[in-house]
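Visitor: Fit chains S and G to the given chain B structure using the hints.
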Amino acid sequence: MTTRTHSLRRTVGSPPRTGGAPRARRLGVRQRGSYPASFLVPAFAVLGLFFFLPTIYNFVYALTSWSSFSSSIHFVGLQNFTDLISSGTLFRSLRITVTYAVLVAVFQNVFGLLLALLLERDTRVNRFARVMFFIPVIMSALAVGYVFQAILKPTGALNTILGDMLGHAVTIPWLGNTTWTLVVITLIHAWKWMGLSMLIYLAGLKTINDDVLEAARLDGASAWTTFRDIRFPLLAPAITFNVATALLGSMNGFDVVQATTGGGPARSTELLNIFIFRTFGQGLFAQATTMSLVLFLVVAILAFPVIRVLRKREEVL
Amino acid sequence: MTGAPTTALPVEMPQRKPRVRVGDRHGPWRRLQPVVALLAVVALIGVPLWIVVVTAGKSQGEALNPDLTLPSTWHFGPNFSEVWQQGRVPMAFFGSLLIMVPAVIGVLVLGSLASWILARRKSKAMAVLYALAISGIVLPPAVVTIVLLLRQLGLAGTAIGMIGVYMGMYMSTVIFFVTGFVRTVPIELEEAARIDGAGPVRVFRTVILPLLVPVLSTATILICLYVWNDVFYAFFVVGGRLDTLPLNLFQVASAGLYLNNWHLIFAYVILMSLPLLIVFTFAQRRIISGITSGAVK
Amino acid sequence: MKRYLTAAAAIVAVGLLTTACSDPSITGPGSSQSSGTATVQWPDATASLSGVTLTIWAAQNSNTTPKAVVAAFEKATGAKVNIVTIPDPYEQGVQTKVATGDKPDLAFWQPTGSMLTALNAPTNLQPLTGAPWITNLNPALQDMTGILKGTRYAALITSPAVEGVYYNKDVFAANGITTLPKDWNSFIADARALKAAGQTPLFEMGGDRWATQWWVQVQLADAAKSGLWDKVNTGKEKFTDPTILDAIKTYKSLIDEGLFNKDIATANFADQGAALLSGQAAMVVQVNSFFSELQAKTDTATLNKKIGFFPISPSGNTGTFIPDQSNALVAFKTGDAKREAAARQLLSLWMGKGYPAFIKDLNTVSLETSVPSPATVPQALLDVNASLANSVGSMQALAVANPDLYIYLADMIQGTTTPEQVAQQTQDQFAQLAKAQGVAGF
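Protein chains in written order, with our numbering: chain B, 1 to 317; chain S, 1 to 297; chain G, 1 to 442.
Hints may be right or wrong, so weigh each one.
As the list claims (entries may be wrong) - Computed cross-link-like contacts, DSSO-like style, restricted to lysine-lysine with a CA-CA straight-line distance of at most 30 Å:
#, chain 1, residue 1, chain 2, residue 2
1, G, 75, G, 149
2, B, 312, S, 124
3, G, 195, G, 353
4, G, 169, G, 103
5, S, 122, B, 312
6, G, 225, G, 149
FYI, nobody ran anything at the bench for these hints, they're computed from the structure.
The following block holds chain B by itself, in its conformation from the complex (with noise of 0.2 Å):
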């Protein structure tokens, strides 16, 4: 089966296939009217309205003193930029929500690989626990922001149960270190979220074909040896899905550290959308615009990297 041509590989340039390929064949004038172009209209019109044309505001906004305190908005310039750039505000929040990004990608896709890997065959107990396993998907990150925090309080219930294994009273303030409530939260994201790249993981587990693993199996490949040569690669396509979403879309990261600590403690997890919010209830909407098209284009620079990365590691399929 070679129809694995998913078009995301167009964005990071390479050539589109040219006539000749077996399969995929050239549309003669003719064909072109079985395929009309104004099918496409309806969901562009609707993608240009509701989400190109807000970005392209966003751009402009950014150019402009745009705030509460007076109803006459003028063109500024770079001003914006260059004061935020100046003030180092930005580019901690920038670090941070990175740092949070990439963590999010690695936990949530390590946590998720191990429980397809774990759940794999179909029997009842396995079924029953891939559902348990959704229920933080499902549930609300609001929710499970509310619930960690119940949990992870000085006098929560983690505490209480450590303090249970260990036999003395345990007060560590899970959410209030500077240094690793970060790696805290990111754990919490990746538990909301694990259940979905499992499935994903399961799909692309389910997709390797039997006779592969057959042949490996005659060949006397342990088990170790048969993942790391054989299915690791073949996953290559749910890999690529599960990082590049757990990492760009966690760039936007906002309600489950907003539930849990607020950006707190002293700001060390207070992520770029965050920064946002706060700088926009401080009348500064300019200035929160900005920061918004900072944001955009960091995540749109990073895509093409990471989705390169993860194209060319299908290709070798």
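Guide: Frame of chain B; chains S and G shown alone:
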């Protein structure tokens, strides 16, 4: 098994122990695996959910510090009914449905139509359009300017505005999944229909759409998840005007200022998650097969 | 094709730039023009309003305040009033929604100059000139707050909050403190004595953060009286100058000295209330909403017995007033003249005929000279109200902009910043906000 030819000695070769491979192991792992699986479920999922359920059943005083202990008397009845009223659950449920159903149907129909074209027609223009179309998966939507735009269109605070916003946000997801899937549909099927005289609309409706059901199921569940639970965008667009389940969770959680009413918050969380959970339990297999066909090809 | 796309995008952008030159959230024609001297009509408080629906925005801690008045209003006029809770952070939520054009009829709002500016009062709010109840108010309170550039925009409904010390009477008695501290030095001396006796003297909620700024502000009371904030507002004095910086440093040194609770970094609002009530801590520096929390935990008799209040300042007992969001209401210009009048009518009822029932329902101090406070109001609240007469304004009340001093102080408590950095960050943010407002000198 190369090597210098040796004189064959009539020695019996020891039996080779059958190697086990992942996913189909015999022996110790097969018996151990369910135990490990269940332990993982209990520790990772069971404990937090237990806390939620148990706290939802407690009175306010007992619920001040949510922990693993059982309530002295179960307060499910009073808690759920208080949440039902305070959180206006029926209204919120209706509000969430009112927004989610049209948004999902709209984005699936429009997205599939566009995906079909993008999958079948190959040209530089189409490639660019495709790139644009799926950029929404990773690029963050601009919440403030969206609301500003809605204001200018006169749609701020309306359900239609919210539906439009969600459609705009998730159109890329649908196009991403469906385009990849359509490419796996043999073109001969369409040819056959066309030879019979069907126009593009008929071809799409009778040939493509039925085959898209698995991937559309996946897309449906994903988008339903996002829209059902979204609070950030809903707050800006319809907050205060329309009730949705997550927005009202926010209200319920805020109602107890000096003494967090965890019992109510968790009761609400249970009510809110139940519909989706029920749907998922029954549709589990179809969802997985949908993901198989849609995401990882 | 790509070229056409970029060209199209450029044209759209330019087009948007030209339309963007005025704030799109301003209501269209029909909205009343702002003018401080225009006469404002005040309808009769109980005139019929059937068919009119009003919306009031309230915060988590103020959403039960209007209930009784609203019920009375609905009954008397036939109007319908919806109370909508905007989740915390309240001010951010409100400003965001107003920025995108979503406005209520009435909202709770901090009546200080800086916050009225933040809401762009001249454009968004109805002037309350000539409000019929103003002359009924205690003279000291009539023009204390709610006024921006000579025009009244906010209606004060409850006694403005005052930053001061709430103390546990039992702990004081048990440790032989029989007279209340007369100035800052004796206040700290008492705290040290308590610590020596093994009692936690002070409690701070570093986890919830927002109260940290009171410690700095009460130390600035004397300076505020001599015009500190005027100087800051014109750029002549900065947060990094000794007056304010030393206050921050003193706060830090008190924490380092061990006069506060051990869990200062994670303690929250609920912990603070519980600690003072139980006597685990002797004193907290807080505002009225702290006392409301205590009222939610126990009854008036217990509070009168256990909890007392005294204001504190460097040289005496001058309170620092800080009217907060739950103390006042603003009325919005919605463009609908009928609803705007109805909103004013609700305010008239609230502060007029409906006032006695209102303060009785809330069990709070009366602001009006002819309406006595209910007998069940705790003594501490009466003391707070009494201290208003010679109190001085806080940063929120007197500065043109409201930087997040409390967040930076909380960072300092976490140990990630120094007092100098706190001052610098506060100054930077203040300058940024002042500049955005167009204040001269920034």
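Visitor: Could you tell me which of the numbered hints above are not met by this structure, giving the numbers in increasing order?
Guide: 1, 3, 4
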